[in-house]
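Colleague: Chain order of the listed sequences is P and C.
The first sequence runs 1 to 178 under this note's numbering.
The second sequence runs 1 to 253 under this note's numbering.
Everything labelled a hint here was simulated from the structure, so no lab data went into it.
Keep in mind that a hint or two might mislead.
[Claimed, not checked] Each pair of labels, with its calculated beta carbon distance range: (1) 88(C) x 60(P): 18 to 24 Å; (2) 136(C) x 60(P): 30 to 36 Å; (3) 217(C) x 171(P): 55 to 61 Å; (4) 124(P) x 118(C): 53 to 59 Å; (5) 144(C) x 150(P): 38 to 44 Å.
Positions of the beta carbon are idealized from the N, C-alpha and C atoms, including for glycine.
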Amino acid sequence: MLMNQIRTSLLLIFGLSLPSLLAAATVYESQAEFLARAFSDSQPQPGIAWLSGERKSTVQQLLGHDYPALRLRYWCQDQRSAWILEEVGKELPITVGIVVDKDYIKSLRVLTYRENRGGEVATPSFTDQFNHRVLQENGTLDAAIDGISGATLSVKALTRLATMALFLHSDTGCKDGA
Amino acid sequence: MAHKKAKASAVRRLHRSFGAGASLFLMFMVLSGLTINHSNGLGLDQRHVTQPLLLGWYGLGGPENINSFQTAEHWLSFAGSQLYLNAAPVSTISNGIGAVSMGGMIVVAGSDELLLLDGEGSLIERLSANAIGAGPIESIGLLEGQTVTVKSMGQLWLADAELLSWSPSPDSAEAPVWSLPQPTPDTLRQTLSRQYRGEGPSIERVLLEFNSGRIFGPVGVLVYDLLALAVGFLAVSGLVFWSRGRRNSKRKN
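Please work from the sequences and hints to get the whole structure.
Modeller: Laid out in structure tokens, this is it:
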């Protein structure tokens with residue numbers, strides 16, 4: 001009887017702690033895979049975008065806070081740029097790879113997701129909403145992104161990063177073929 | 001009659017035992033109560049506990065280990081997942097394994113990422129080992145005093161001058177000077193331990209918790225309850241003995 005109770009308690013404890021055990025970061029795509037997808041023919045050398053001066057303040061306006069680094073590496077070739085950016089959803093940073101072509105988003109993919117909940121934002125059915133979105137003058141995307149119940153903060157984080165990538169694509173001159 | 005006397009004697013003995021036992025408790029309550037009453041005037045609500053024993057009791061223990069690495073101008077220290085530049089917290093990194101400085105910038109290595117800092121500790125870039133192309137990072141060092149080198153799974157990876165691109169080292173490359181842990185200077189260790197713990201509770205709060213027994217948890221509150229009942233018993237038994245003594249002295253007169 002006592003053994004049964006102990007066994008039941010252990011199973012209950014294990015069952016309750018299972019979600020936290022499963023909460024490790026999920027890597028959906030590595031940087032190399034992301035870049036190979038972005039530039040199928042030949043991968044360009046990385047460039048540096050320093051976040052200082054007016055660029056820094058614009059990024060701050062788009063994100064609502066400072067980006068937690070002073071420089072970003074990006075890859076630019078033939079008016080196409082690839083960005084690997086991070087933004088905190090609820091508590092942990094989400095790593096996102098964004099490809100911008102001319103003036104629109106060609107693709108947005110979650111590379112690493114670290115939060116316990118809200119991983120649905122990594123599904124292509126959600127991220128495909130960002131395809132062909134452009135940045136309006138008021139600093140927002142030209143169409144609303146449908147939210148996901150229980151992943152509101154992650155959806156907002158991805159939306160902020162999408163606007164940031166579009167801005168940086170233009171600000172670094174990649175949009176004009178620089 | 002004899003039974004009554006024996007009963008009175010037992011109560012008197014109990015009164016004496018409780019009195020002796022409760023006296024220390026009472027003295028402590030009086031002193032702590034007086035201090036709490038004047039804590040604002042004494043500034044105890046503004047002063048914080050710094051004694052390691054008390055901080056440990058509150059779960060504000062120091063770091064288990066502090067690993068420090070010296071670069072040309074700075075000390076980089078890892079306490080848990082917190083990274084310090086000299087004594088200032090700058091960022092977080094897991095499993096810190098070394099740091100090197102190059103051209104005014106500092107490169108800090110953890111097992112799965114590199115942090116690039118400027119000379120003041122601002123984070124320039126966070127670079128995952130995955131982005132380098134390497135696996136878990138084992139060591140970081142400088143090759144010929146200028147090329148940042150990391151070792152991963154037995155392979156050396158060399159960075160370019162701006163730490164943008166990494167390439168595997170040719171076999172003929174010289175051995176880099178690896179960043180190795182150094183004994184943390186005592187003053188720095190003390191400062192880092194203090195920073196890691198953060199600000200302790202105010203002295204007023206500790207006194208209040210001592211005064212209520214809560215500092216010892218539910219058992220402390222229970223013990224204080226029993227001591228308070230003992231004091232109550234003392235008051236009642238004292239009154240009884242006083243009234244009896246008064247009655248007896250009247251009879252004698």
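Colleague: Now, for every hint given, state plainly whether the structure supports it.
Modeller: Taking the hints in turn, this is what the structure says about them:
1. 88(C) x 60(P): 18 to 24 Å: Holds - the Cβ-Cβ distance for residue 88(C) and residue 60(P), about 23 Å, lies within 18 to 24 Å.
2. 136(C) x 60(P): 30 to 36 Å: 34 Å, holds
3. 217(C) x 171(P): 55 to 61 Å: 58 Å Cβ-Cβ, so the 55 to 61 Å window holds.
4. 124(P) x 118(C): 53 to 59 Å: 38 Å, violated
5. 144(C) x 150(P): 38 to 44 Å: With Cβ atoms ~53 Å apart, the hint is violated.
In summary, the numbered hints that this structure violates are 4 and 5.
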